[in-house]
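Next come the chains, spelled out residue by residue.
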Amino acid sequence: MGAAMGIDSAGVRVGIDVVSVSEVEAAVARFGPRYERLLFTDGERDDAPPAPRSRAESLAARFAAKEAAFKVLRPAPGGAPRWRDVEVRRHPQGWCEILLRGGAASLARQAGLGRWSVSLTHHGDVAAAVVAAVEGPAAWTS
Amino acid sequence: MDELIRSVLGDHARLHVEATAVGDDQDLYSVGLTSHASVTVMLALEDAFGVEFPDSLLNRQTFSSVSRIRAALAELGVGAGPGDSPGLATGSGGR
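From first to last, the protein sequence lines stand for chains A and B. Mapping of the first sequence onto the working numbering: position 62 corresponds to residue 62, and the numbering continues sequentially without gaps. Mapping of the second sequence onto the working numbering: position 53 corresponds to residue 53, and the numbering continues sequentially without gaps.
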């Protein structure tokens, strides 16, 4: 066996998270726009379909992406960025991209993580996201 | 205040144990609290106590135990004296 190589030394970080779609649906029904505005950008809310279940699927996957991005950013205790500092934006050709602002952008800059990628999925009541970032020039701001 | 905190936890935290049985300093994340559930707990606490959590308190640590939630609410003026009774409690949220 060769010498072990740490993730950071390879310049790559990966984060993953899962969220219950029905919990998001219940939160939207209970707290409405106050819940949505706390967590999601205008663009994310505009992109989400109006039908409650479809909207919850879209928002749940995006919340998972934000949490996965936080795992990549590794904030200090109490220093997590705001959820709206991480935005999932759908590319016209179908795939999704990550945009960072504010505290999330600062942490990414400090870590030298300039190239980001995200993948979302749903199955039944579960929405999941994987976020990966590698060192390089910043290409994640709006 | 504790009774209302535990009522909110029982309605929104989706813990693996009864909220009334959780120790004051027990880590709520170790008994099932998720990041998403902590958001709904925070919003329900705002409704129950008539307060608004500032960005500075919107972090994992604030909602990690009953004692930390109590401390955060105290920081927002809850429990500071007469007239602090909630009165704005909205009961259980729609699940």
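Take these hints with a grain of salt, some might be off.
Some chain B residues close to chain A (C-beta under 10 Å, calculated; not the full set) [said to hold, decoys possible]:
no., residue
1, 1
2, 14
3, 34
4, 35
5, 39
If you anchor each label on the Cβ, the simulated ranges turn out as follows [stated by the list, open to error]:
no., chain 1, residue 1, chain 2, residue 2, range
6, A, 52, B, 74, 30 to 38 Å
7, A, 135, B, 3, 44 to 52 Å
8, B, 71, A, 43, 34 to 42 Å
9, A, 115, B, 2, 27 to 35 Å
10, B, 79, A, 123, 18 to 26 Å
11, B, 2, A, 45, 32 to 40 Å
12, B, 71, A, 75, 32 to 40 Å
13, B, 50, A, 43, 27 to 35 Å
14, A, 92, B, 77, 42 to 50 Å
15, B, 52, A, 79, 46 to 54 Å
Keep in mind that the hints were calculated from the coordinates and are not lab data. We put the CB at the ideal spot given by N, CA and C, even for glycine.
Hints, verified against the model:
| no. | hint | result |
| --- | --- | --- |
| 1 | 1 | violated (22 Å) |
| 2 | 14 | holds (7 Å) |
| 3 | 34 | holds (8 Å) |
| 4 | 35 | holds (5 Å) |
| 5 | 39 | holds (7 Å) |
| 6 | A:52 - B:74: 30 to 38 Å | holds (37 Å) |
| 7 | A:135 - B:3: 44 to 52 Å | holds (51 Å) |
| 8 | B:71 - A:43: 34 to 42 Å | holds (36 Å) |
| 9 | A:115 - B:2: 27 to 35 Å | violated (48 Å) |
| 10 | B:79 - A:123: 18 to 26 Å | violated (44 Å) |
| 11 | B:2 - A:45: 32 to 40 Å | holds (36 Å) |
| 12 | B:71 - A:75: 32 to 40 Å | violated (21 Å) |
| 13 | B:50 - A:43: 27 to 35 Å | holds (32 Å) |
| 14 | A:92 - B:77: 42 to 50 Å | holds (48 Å) |
| 15 | B:52 - A:79: 46 to 54 Å | violated (21 Å) |
The structure does not agree with the numbered hints 1, 9, 10, 12 and 15 stated previously, though it agrees with the rest.
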